[in-house]
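J.: Each chain is listed here by its residues.
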Amino acid sequence: MIALLVIHALAATAAPFLVRLLGRRAFWLLALPPAGAAGWALTQTGAVRDGHGPTESLRWVPSLGMNLTFTLDTLAWLMTLIVGGIGALILIYCSSYFERDAPGMGRFAGCLTGFAGAMLGLVTTDDLLVLYLFWEATTVLSYLLIGHKTTSRDSRSAATQALVVTTAGGLAMLIGIVIIGQSAGTYRISEVLAAPPTGTAVTAAVVLLLAGAISKSALVPFHFWLPGAMAAPTPVSAYLHAAAMVKAGIYLIARFAPAYSGLTEWKVTLLTLGGLTMLIGAWRALRQVDLKLLLAYGTVSQLGFISLVVGAGGHGAALAGLGLLLSHALFKSTLFLSVGAIDCRTGTRDLRRLNGLGRRMPWIAGAALLAGLSMAGLPLLMGFFAKEAAFGAFLLGPEYDAGPTGSAGADTLMLAVMVVGSILTFAYTARFLWGAFATAPRRELTEVFDAGPWLTAVPVLLGAGGLVVGLTATWIEPLLAPYADQWVAGDHPVHLGGWHGFNLALLLSVLTWACGAALFAARAPFESAQGRLPRTYSAEQVYRLAMRSLDRASVEVTGAVQRGSLPLSLALILIVFIVVPGSQLLWGGVTWPDQVRWWDNPAQPAVGLVVVAAAVAATRARRRLRAVFLLGVTGYGASMLFLLHGAPDLALTQILVETVSLVVFVLVLRRLSGKFPDDPPRAVRRWRALLGLGVGTVTAAMALTASAVRSTPPSASDLARSAVEFGGGSNIVNVILVDVRAWDTMGELSVVLVAATGVASLVFIGGDVHARGRQLIRASWERRGSYTDVGGAEGSGSRWLAEGGRLAPERRSTIFEVVTRLVFHTIVLWSLYLLFSGHNHPGGGFAAGLMCGLALAVRYLAGSRDELLAAAPVMPGLLMGAGLFLSAGVGLGAMLAGGGPLQSWIFDLHLPLLGHVHLVTSVFFDLGVYLVVIGLMLDILRSLGSRVDTQIEQQDAESVQVAGTHTESGEPAANSSPVREGPMGT
Amino acid sequence: MTAALSSVPAADFVATKVEYAAVLPMFIVFGMALVGVLVEAFAPRRVRYPIQLVLTLGGLVAAFLVLVLYSRDHQAKTAGGAIVIDGPALFLQGTVLVLGAVGLLAMAERLDSAAPDTFTQSGSAVPGSPQEAAAVRMGATTTEVFPLVLFAISGMMMFPAAGDLLTMFVALEVLSLPLYILTGLARRRRLLSQEASLKYFLLGAFSSAFFLFGSALIYGFAGSVRFGEIAKAVPQVGGMDSIAVPGVLLIAVGLLFKIGAVPFHSWTPDVYQGAPTPVTGFMAACTKIAAFGALLRVLYVAFEGLRWNWQPVVAVVAALTMIVGAVLSVTQTDVKRLLAYSSITHAGFVLVGVLAMDRTGVSSTMFYLVAYGFSTIAAFALIALVRSSGSEATHLSQWAGLGKSSPVLAGAFSFLMLAFAGIPLTSGFTAKFAVFGAAIAHDGTWLAVIGVLASAVTAFVYVRVIVLMYFSEPSGDTAVLTPSVLTSTAVTIGVAATLLLGIVPSPLLDLAHDSSLFLP
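Protein chains in written order, with this note's numbering: chain D, 1 to 986; chain P, 1001 to 1520.
What the hints contain is simulated information worked out from the structure, not anything from laboratory work. Beta carbons are placed, not taken as given, at the ideal position from N, Cα and C, and that holds for glycine. Each hint should be verified, as a subset may be incorrect.
Partner residues aside, some chain D positions facing chain P, computed with beta carbon under 8 Å [said to hold, decoys possible]: (1) T160; (2) I179; (3) A430; (4) A546; (5) S549; (6) S554; (7) Q584; (8) W587; (9) V590; (10) T591; (11) P593; (12) D594.
If you want the ones that stay clear, here's a sample from chain P, every Cβ over 12 Å from chain D, calculated [claimed, not checked]: (13) F1042; (14) A1082; (15) A1231; (16) V1313; (17) R1337; (18) T1478; (19) S1484; (20) T1492.
Taking the hints into account, I'd like the entire structure generated from these sequences.
T.: What follows is the structure, encoded as structure tokens:
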């Protein structure tokens, strides 16, 4: 069997080349693999009947329990014959059906051959997962076949529909398979069937399995995809939608019926849906005028019938079910192929336009007649015997209380459904045959063209096959019996074929024919009555509605949460933060502290209130500057809290950081509009404030509980001692920075350096800015040398700032200049003090650097960029590089001196003027930090300050130019852009 | 002047032993990245591209060979427990190396010109500014993407191998920062790209902060950041759930963000759409692998004992991820956004596997990541080839009729779509089956059912794309470029792997299973 599958695969792969080479004759070659499969199955007939059909196994994915196991039992044998035999005939039919050089024939041939192989694998495999694999393979291939050379909107949606429905069903089936496999501990079908697992989960799994089968076999409520799929070329319809693919679902039902047909869920599902499908399909078939659609609805109806019988379980029903399966495959493919022939040779399938074909195409008419009789259930044909057997099996219920459903009432109901369905079937069969082949006197005859011989021969062969099988039904029965024998045969066995005397089943058949004939005779009034019935919701509309609502839901959700809005995304994350840890805090059995000391000092709550108020106000701010200032208030408040808590060094650092960020903000805000551009409505801002409140509360609660569950002493408790002992300083933070964690500090320094360089290079991109910077600095140095000369030109040297004279008069503020002049050197000196005292007192390199940087900022704000150059006529890179070098040098120096890298030494010196000096070598490291931070500040001022100034000036100049030209051309000089203020807005 | 020198006692310092054999692959990649930076600085512009290409690919291949031939036999907990090279770490590192190399091939595509194809020539210039024009005129090469990718890969290798929370955080940043930059370097639609980069950065910074906050809480709980120590502390330390559980959840938030799980997914569509297409593929594949590796280690090694607390939350996240990803993918009209939502859904599927909490969970997750990685890189590489009037044609309507005009591309893309949908004989099926099977075996049936429903919805979406390509008439001026050998190789590898892992998944499944044991 594996060999056969491989041959199919090879043939499918080679098909395009073969078609290119041989044209449509290639189909003959491609028919060989399916024919071989059928032939091989025939040679195994005896073995299968005796219950020891061949089994092959190949380990494939053992870790997932997936094995290529194939076995041929009665069911598989029958299906192989159908799939292989009809497959081969249909491929032969194709050789005449297609034009000599039809486009896409190669792909089509490959898909069809591959499909035959997939079906063969599907029916012979003994592994659930491999079954699923072939199942999906048939889905995809059928999609490709349905979609063959069609670009119309209808066929597109039909193909999509077919694929979506069957894929969804297939996925449901997969879950069922996995559950069954996990509960049984094996994916071997034969082992599962031998000892079927039970339980709620397995019941659910079986229903899921049925969902797959139902969707594949086009049972209600998924029946709509089958008529839709009739866009396919006729051979495809004949093969996929009559003989093979739609049978896959029935095969699955038949396969699992022995194990699960006793389950109530199984029975209810299949009997209800099967019965409904049978009636609905036949009802719809009566209304069709397109022969192919008529057959499609007829197929739906028959599929319902077969699944009802097969799914019912029981010896008799099983036998009847297999009989129906066989007969349906034969007659329906004959009918489809006949329609294909009619379509090919007349160009239409509309039974209102066809006329007199019975005489013009006698062979086809004969074949169709045989098949039609079988479908209608007339004697001597397989359809009749199978239907008799089905009636017989269900009659066991009312007659002997031994029916397949286990309840006489249900059996009778099902019987009634089958009889009604069969009446309708008889009627639409008659309608089909009459419409296609009869000669109506007052219409012109349909023109018939010639076509290849096989277009006729294949349907005739298949139609005759139906007759032969019917005549030999009694011999076929023992071949099918092993399948039915999985149930106990009762006292009143049902038989396939032969003459059983005048019994109730025959009476029902006669009733069927009579009513069917009457219905056909009264077709005109019946059709109009059908037309008058109110239209109900069809399953297809439900499908469309579901798809539309999916679309709708998707649009809505996208619009609600996925607008690409950053605040929204952040809000989502924050909500999760509030909800998840928050609910843990509320209901997670959290230890809260026994007593909470609210404050040590009444100033603390006061500061806290200010901070909270500022934070809330910040969320309500509409202007950027206000928001930034309010944010700053919260920061300063925090530093106040540090101070009140007794951490002056921390407070100092916090204040400095806060100030620097404020300065940077202000520098940048010059380039942005004053208001927030999105200007959210009041509700949104309230909502945001609430969100912030929530996050704050959760964080505070977390801090509270974290301090309550402390079980070990804080690791910082002996830091105060060891900081002096090891680091030689009593400012713990500073000791940590420059001694204990000096490596980290060094790493951070390099990061700062890289970041600053990055910012600067982004702002200064383009041109030879670097060289120009150097030039400016050189110029500044030179001016410094000739200070008085320049001053003299302005008169009396009355400037307070070195470069103040170079600023436009309207931008100067004398008071500011005076203050700057007075405090600048003091601040720098103070920063030096902070640097050197930092090891023992509040301060340190970082704070000192920020302090010095702020001094530079003051100079810049007072006197703009030239003043900044005068204050610090160096490239920031130099400062930062020197700083890093110094820090690293200290580390290296320590190594040279024989210590570990970055080890500190303490010197106690007596210097003449200063007296006792306690010098720890780590101060040089701190010096490095100091320089890097100054460099960073300088970089920020240069790039976000001076450089942006230049840009603004350039733009101003341009806009003046533009405004000028506008005025000349008679237009009002437009207002220049809203935010073009100098530093501090003068 | 008297100088009194008092020497400061140095703390006892024990140098940690590093098992160089185990970490050598990481060192190679990191080293090559540094060399790449030097090349950028000193090599003349003309030769940078070939040098970088050879260097980067060579580095990745060498690292992979070392990993397979040498490091595999030197599994160890090393660098004082900061790095753990065990089965899952090696497996994921190897995967990242291979997929990184494949992704790099697609990124290096230049289409026979001397300028980069998908990368801007001047990432820092304002779009449309004179600076940008100058950069183009000067023939800027944007070869810095090579070292950036290597840095990202070295972070990705470190991420699943981290032995403590801090190392993991460092790895997180090392892998993220280059990605932020790479995201902003798209050559076309640059503002979109820069916006994506900024969003990614800001939200990423937030999630990193969550991760750190969580780490701090866990340190407070366990007194250590080492996973092994945390695991030991879980049963011993009582009454501290109030910080342990939020700690775990916050760390999980940080990792779930990188994975793109709902509700931390909002960056994904924007970033996937804005980033240069091959970078998107690289990100979708490799970032996920690294982040899932880290998630596995955190959840399986450190917090296994707290699973009753976090498992329901992660299960809900997984369910939401599948549902939201699937439902939102329905309306997408942009191929890249569609695949972004698809990647979200896939993240949900993988999470289902993670929740199995035993070896099958680890192995199925890892297999899924490999399968998805190959498919997704190839898919994005293909998207980069579809152009319309010079820029990438990512709108779905522009893909109409591609089945006719370029059957090879449409065929390959359809095949990948089928793999995403989980159709058998593709890697997608095997992967999905593995994770769902693992879930069903460990009380995760409801997740598997949601997963299947989500798959059905996404299958609908993928089918629509295929239908569009084959069942519509071509419209507009959509054209498919002929790729150079680089992209062709990347696509071929991706498609072949997708097929092979569908037909013969056994070797990789076995390998994943053999490497599914964490060192404690």
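J.: Now look at each hint and say whether the structure bears it out.
T.: For each hint, the structure was consulted:
1. T160: The hint holds - D/T160 has a Cβ within 8 Å of chain P, the shortest such distance being about 5 Å.
2. I179: 6 Å, holds
3. A430: 37 Å, violated
4. A546: With a minimum Cβ separation of about 10 Å from chain P (threshold 8 Å), the hint on D/A546 is violated.
5. S549: Nearest chain P Cβ about 10 Å off; hint violated.
6. S554: 4 Å, holds
7. Q584: 5 Å, holds
8. W587: 11 Å, violated
9. V590: 4 Å, holds
10. T591: 6 Å, holds
11. P593: 11 Å, violated
12. D594: 13 Å, violated
13. F1042: Holds, since 18 Å exceeds 12 Å.
14. A1082: 15 Å, holds
15. A1231: 18 Å, holds
16. V1313: 6 Å, violated
17. R1337: With a cut-off of 12 Å, P/R1337 comes too close to chain D, as the shortest Cβ separation is near 9 Å.
18. T1478: At about 16 Å from chain D, P/T1478 clears the 12 Å cut-off, so the statement holds.
19. S1484: 28 Å, holds
20. T1492: It holds; P/T1492 is separated from chain D by about 18 Å at its closest Cβ, greater than 12 Å.
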